[in-house]
Amino acid sequence: MSGRVEAGLSVFALGAWFALSGPAAAYTAYITNEKGNSVSVIDTATMAVTGTWKVGRRPRGVTVSKDGKELFVCASDDDRIDVLDTSSGKVVRSLRSGPDPEQFILDASGNPLYVANEDDSQVTIIDIEKNKVLAEVPVGVEPEGMGLSPDGKILVNTSETTNMAHFIDTKTFQVIDNVLVDARPRFAEFTADGKFLWVSAEVGGTVSVIDVAQHRVIKKITFKIPSVNDEAIQPVGIRITKDGSKAFVALGPANRVAVIDAKSYELEKYLPVGQRVWQLAFTPDQKMLFTTNGTSNDVSVIDVTAEKVVKSIPVGLLPWGVAISPN
Amino acid sequence: MHDPAFETLVPRPGRRRLIRTALVLLALAPAVGHAQQQAPQPAPPPPTQPLDTHIGLIYRPQPAPSSYDAEAAPEDEGLAGARMGIADNNTTGRFTKQTYALDDVALTDDKSDPVAAAKNLVAKGVRYLILALPADAVLAVSDAVKDSGVVVLNAGASDDRLRGADCRANVFHVLPSRAMLTDALAQYLTVMRWRKIFLIVGPTDADKAYADAVRNSARKFALKITAEKPWTFGPLAKARGDTPTRAEAMVFTRGLDYDLAIVADEEGDWGDYVSYRTVDPRPVGGTQALTPTTWSPVLETWGAAQAQNRFRRLASRLMRPLDYQVWAAVRTVGEAVTAKKTNDPAVIAPYLVEPDFTLPAYKGVPLSYRPWDHQLRQAIIVVQPKALVSVAPEQGFLHQRTPLDTLGVDLPETTCKFK
Numbered sequence: 001m002s003g004r005v006e007a008g009l010s011v012f013a014l015g016a017w018f019a020l021s022g023p024a025a026a027y028t029a030y031i032t033n034e035k036g037n038s039v040s041v042i043d044t045a046t047m048a049v050t051g052t053w054k055v056g057r058r059p060r061g062v063t064v065s066k067d068g069k070e071l072f073v074c075a076s077d078d079d080r081i082d083v084l085d086t087s088s089g090k091v092v093r094s095l096r097s098g099p100d101p102e103q104f105i106l107d108a109s110g111n112p113l114y115v116a117n118e119d120d121s122q123v124t125i126i127d128i129e130k131n132k133v134l135a136e137v138p139v140g141v142e143p144e145g146m147g148l149s150p151d152g153k154i155l156v157n158t159s160e161t162t163n164m165a166h167f168i169d170t171k172t173f174q175v176i177d178n179v180l181v182d183a184r185p186r187f188a189e190f191t192a193d194g195k196f197l198w199v200s201a202e203v204g205g206t207v208s209v210i211d212v213a214q215h216r217v218i219k220k221i222t223f224k225i226p227s228v229n230d231e232a233i234q235p236v237g238i239r240i241t242k243d244g245s246k247a248f249v250a251l252g253p254a255n256r257v258a259v260i261d262a263k264s265y266e267l268e269k270y271l272p273v274g275q276r277v278w279q280l281a282f283t284p285d286q287k288m289l290f291t292t293n294g295t296s297n298d299v300s301v302i303d304v305t306a307e308k309v310v311k312s313i314p315v316g317l318l319p320w321g322v323a324i325s326p327n
Numbered sequence: 001m002h003d004p005a006f007e008t009l010v011p012r013p014g015r016r017r018l019i020r021t022a023l024v025l026l027a028l029a030p031a032v033g034h035a036q037q038q039a040p041q042p043a044p045p046p047p048t049q050p051l052d053t054h055i056g057l058i059y060r061p062q063p064a065p066s067s068y069d070a071e072a073a074p075e076d077e078g079l080a081g082a083r084m085g086i087a088d089n090n091t092t093g094r095f096t097k098q099t100y101a102l103d104d105v106a107l108t109d110d111k112s113d114p115v116a117a118a119k120n121l122v123a124k125g126v127r128y129l130i131l132a133l134p135a136d137a138v139l140a141v142s143d144a145v146k147d148s149g150v151v152v153l154n155a156g157a158s159d160d161r162l163r164g165a166d167c168r169a170n171v172f173h174v175l176p177s178r179a180m181l182t183d184a185l186a187q188y189l190t191v192m193r194w195r196k197i198f199l200i201v202g203p204t205d206a207d208k209a210y211a212d213a214v215r216n217s218a219r220k221f222a223l224k225i226t227a228e229k230p231w232t233f234g235p236l237a238k239a240r241g242d243t244p245t246r247a248e249a250m251v252f253t254r255g256l257d258y259d260l261a262i263v264a265d266e267e268g269d270w271g272d273y274v275s276y277r278t279v280d281p282r283p284v285g286g287t288q289a290l291t292p293t294t295w296s297p298v299l300e301t302w303g304a305a306q307a308q309n310r311f312r313r314l315a316s317r318l319m320r321p322l323d324y325q326v327w328a329a330v331r332t333v334g335e336a337v338t339a340k341k342t343n344d345p346a347v348i349a350p351y352l353v354e355p356d357f358t359l360p361a362y363k364g365v366p367l368s369y370r371p372w373d374h375q376l377r378q379a380i381i382v383v384q385p386k387a388l389v390s391v392a393p394e395q396g397f398l399h400q401r402t403p404l405d406t407l408g409v410d411l412p413e414t415t416c417k418f419k
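Chains as they are written, first to last, in UniProt numbering: chain A, 1 to 327; chain B, 1 to 419.
In short, the hints are calculated from the structure, not lab data. Be aware that one or more of the hints could be misleading.
[Said to hold, decoys possible] The following label-pair restraints were derived from C-beta to C-beta distances: (1) A:Ala108 x B:Glu413: 40 to 50 Å; (2) A:Glu268 x B:Pro297: 42 to 52 Å; (3) A:Glu136 x B:Pro297: 44 to 54 Å; (4) A:Asp43 x B:Asp356: 21 to 31 Å; (5) B:Glu413 x A:Glu266: 53 to 63 Å; (6) A:Asp77 x B:Ala64: 40 to 50 Å; (7) B:Thr99 x A:Asp43: 35 to 45 Å; (8) A:Lys224 x B:Ala116: 29 to 39 Å; (9) B:Asn120 x A:Glu129: 29 to 39 Å; (10) B:Ala140 x A:Gln214: 26 to 36 Å; (11) A:Gly68 x B:Asp344: 49 to 59 Å; (12) B:Lys340 x A:Thr172: 45 to 55 Å; (13) B:Thr342 x A:Asp77: 36 to 46 Å.
C-beta: ideal position from N, C-alpha, C; glycine also.
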């Protein structure tokens with residue numbers, strides 16, 4: 001389904017959504033545009049783009065500081081992480097990320113930052129206040145997905161060509177175990193209780209659910225969509241609600257987000273979004289989910305409760321990542 | 001990772017064509033599918049025994065060009081791809097206690113014998129042999145090592161007969177057959193509605209085999225070869241730029257009715273001469289100009305940019321199709337050994353054709369080996385020297401098994417009988 005068709009339908013849906021939910025809290029969503037070398041800024045209440053900020057080359061991974069005042073953007077082709085002041089939209093400093101940073105995750109305390117260096121088979125751990133590399137952890141080929149356990153003790157990195165989830169101790173910075181998953185794992189997401197880790201496999205077409213205590217795969221979720229080739233079903237981004245009830249999985253060129261009962265692993269429905277959907281982010285109140293649609297150059301907004309796409313917002317060229325401010 | 005708008009290159013639904021052997025499995029009614037769940041799969045604990053796997057590579061370095069050649073084949077063509085594959089396998093192997101080593105043999109003169117080289121490697125205990133060699137050498141080597149249980153991976157010979165009448169049970173074909181390449185080009189022509197082909201055939205056996213594949217693909221996709229001529233003007237693409245234009249070579253395209261000229265010139269002797277020199281302004285494709293291939297420096301989607309960067313750091317040059325093919329052969333061994341936790345070819349060879357073996361290889365879809373002829377199923381890129389033009393299988397070409405099987409010889413047509 002094209003973004004345009006959606007946008008046409010969404011005016012109506014949006015009205016219904018407001019009627020049901022009341023006025024939405026206003027957050028700010030930041031979208032990295034991989035080929036636009038920019039960040040699109042979206043007001044989540046009005047669902048309008050309020051600004052476009054210039055950043056380094058090939059921006060992909062993006063995250064916001066705990067206080068919402070700083071935005072971190074992987075400038076992959078500049079081998080650095082740009083830090084932007086969210087009040088001015090200007091790059092105020094850059095972090096020494098190591099080569100080709102792709103995705104990262106911020107420690108629950110707000111520091112350090114754990115970075116996957118895609119071209120260099122390592123994870124770099126950076127103290128963001130001192131701009132100092134604390135450790136470099138060798139992992140598999142093409143590290144990408146980064147997940148952090150809710151207690152902050154275990155970092156998980158997925159390596160796309162090695163096809164593993166590497167479990168890293170955040171105290172010792174040592175790899176403690178490796179779990180083989182299906183081909184090209186892109187994303188790792190812990191459940192809020194820390195018991196399970198979901199890992200998407202883009203080429204394998206599956207999501208592995210890993211028992212965190214035992215380091216073993218306990219469930220493999222596969223997808224079937226009528227009229228879509230199995231090869232086009234390429235799971236990437238995963239988000240699970242805090243109450244552990246629902247999981248959303250972006251299915252890449254299948255142009256859909258799967259909604260899964262996160263307890264029974266039953267598939268509930270497929271939501272049509274823009275083209276080549278990769279990354280997802282909840283608003284802090286978990287009422288909305290934003291998706292980046294690389295090929296249609298837009299963002300789809302999903303009403304989490306209603307499980308409906310309510311809006312499509314054009315952004316820059318090849319939107320890759322999304323992060324939403326905490327306030 | 002990039003992903004430019006491939007979706008925008010697809011034909012409109014009204015332009016979709018189905019190939020003869022395909023079944024349409026479009027379920028139109030249900031709006032919502034269902035998740036299929038597999039039984040819980042306990043992951044076995046990591047192996048405690050270290051495992052060392054040697055992979056052999058036999059290749060013939062291209063002779064240095066006699067004079068300046070802007071794109072001469074590098075001496076380490078193929079070899080550098082093997083080195084990257086070994087490095088990738090070893091990075092993964094750090095976590096599985098597996099190590100990989102390359103035993104490469106360059107056949108440096110005409111007299112060096114690939115069979116003797118293969119036997120030497122097998123005697124040293126190598127159980128996986130990658131060959132970047134012509135079809136006759138592939139056959140000679142695979143027959144010579146038949147009783148040793150060795151797995152041969154063909155990374156250099158696109159001959160259809162190796163997947164047909166001359167197929168061998170111990171050989172797996174990493175690179176596409178000529179039929180797959182010309183099917184990929186034919187699918188693109190179908191999408192573009194360029195139905196009339198002028199086929200120009202070079203003098204070598206390889207050129208004739210490529211032309212045969214073009215004729216078969218034209219039949220399969222209902223394209224028409226409206227003219228066909230042999231190329232009789234010599235290696236004009238290798239002539240110097242100040243050589244006077246060969247008038248007769250231009251005139252021989254006069255008075256023909258065609259949409260695209262397909263050149264069959266596997267040696268690269270004259271195909272590049274044809275572009276921009278036809279009497280009527282027509283595009284050129286085939287072995288030169290618009291080319292169906294496995295790899296190109298312009299490929300950046302599906303993580304290919306990472307492979308390009310990794311390769312360039314390792315080899316100080318751009319990655320070529322042969323490098324990619326040898327890399328994919330090394331990775332085939334690595335993927336299978338990682339999954340089966342053994343490097344015993346008696347376990348690995350049957351596993352390669354099982355449904356759960358897949359090779360991620362920067363093509364956006366999992367690749368796998370066809371059980372009936374051991375050919376690696378793969379997406380094929382259609383490129384011009386400076387840009388990716390399209391990717392086959394094109395949208396709308398459907399197949400009951402996988403769209404990848406719209407490329408090349410399908411199960412009902414295969415003439416391969418493994419003995």
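Each hint, compared with the structure:
Taking 40 to 50 Å as the suggested C-beta distance range, the pair Ala108 (chain A) and Glu413 (chain B) does not conform, at roughly 59 Å. At roughly 44 Å, the beta carbons of Glu268 (chain A) and Pro297 (chain B) sit within the given window of 42 to 52 Å. At roughly 30 Å, the beta carbons of Glu136 (chain A) and Pro297 (chain B) sit outside the given window of 44 to 54 Å. The beta-carbon spacing between Asp43 (chain A) and Asp356 (chain B), approximately 47 Å, falls outside the hinted interval of 21 to 31 Å.
Separation of Glu413 (chain B) from Glu266 (chain A) is about 41 Å and departs from the stated range, judged on CB atoms against 53 to 63 Å. The hinted window of 40 to 50 Å between Asp77 (chain A) and Ala64 (chain B) is violated, with their beta carbons roughly 35 Å apart. Checked against the hint of 35 to 45 Å, the C-beta distance between Thr99 (chain B) and Asp43 (chain A) comes to roughly 54 Å, which is inconsistent with it. Between Lys224 (chain A) and Ala116 (chain B) the beta carbon distance is about 52 Å. The supplied range of 29 to 39 Å is therefore violated.
Between Asn120 (chain B) and Glu129 (chain A), the C-beta spacing of about 60 Å breaks the proposed range 29 to 39 Å. In this structure the hint that Ala140 (chain B) and Gln214 (chain A) lie 26 to 36 Å apart at CB is violated, the actual value being about 51 Å. Checked against the hint of 49 to 59 Å, the pair Gly68 (chain A) and Asp344 (chain B) passes, with Cβ atoms roughly 56 Å apart. Checking the proposed 45 to 55 Å range against Lys340 (chain B) and Thr172 (chain A) shows it is violated: the Cβ atoms sit about 32 Å from each other.
In this structure the supplied range 36 to 46 Å holds for Thr342 (chain B) paired with Asp77 (chain A), their Cβ-Cβ distance being about 41 Å.
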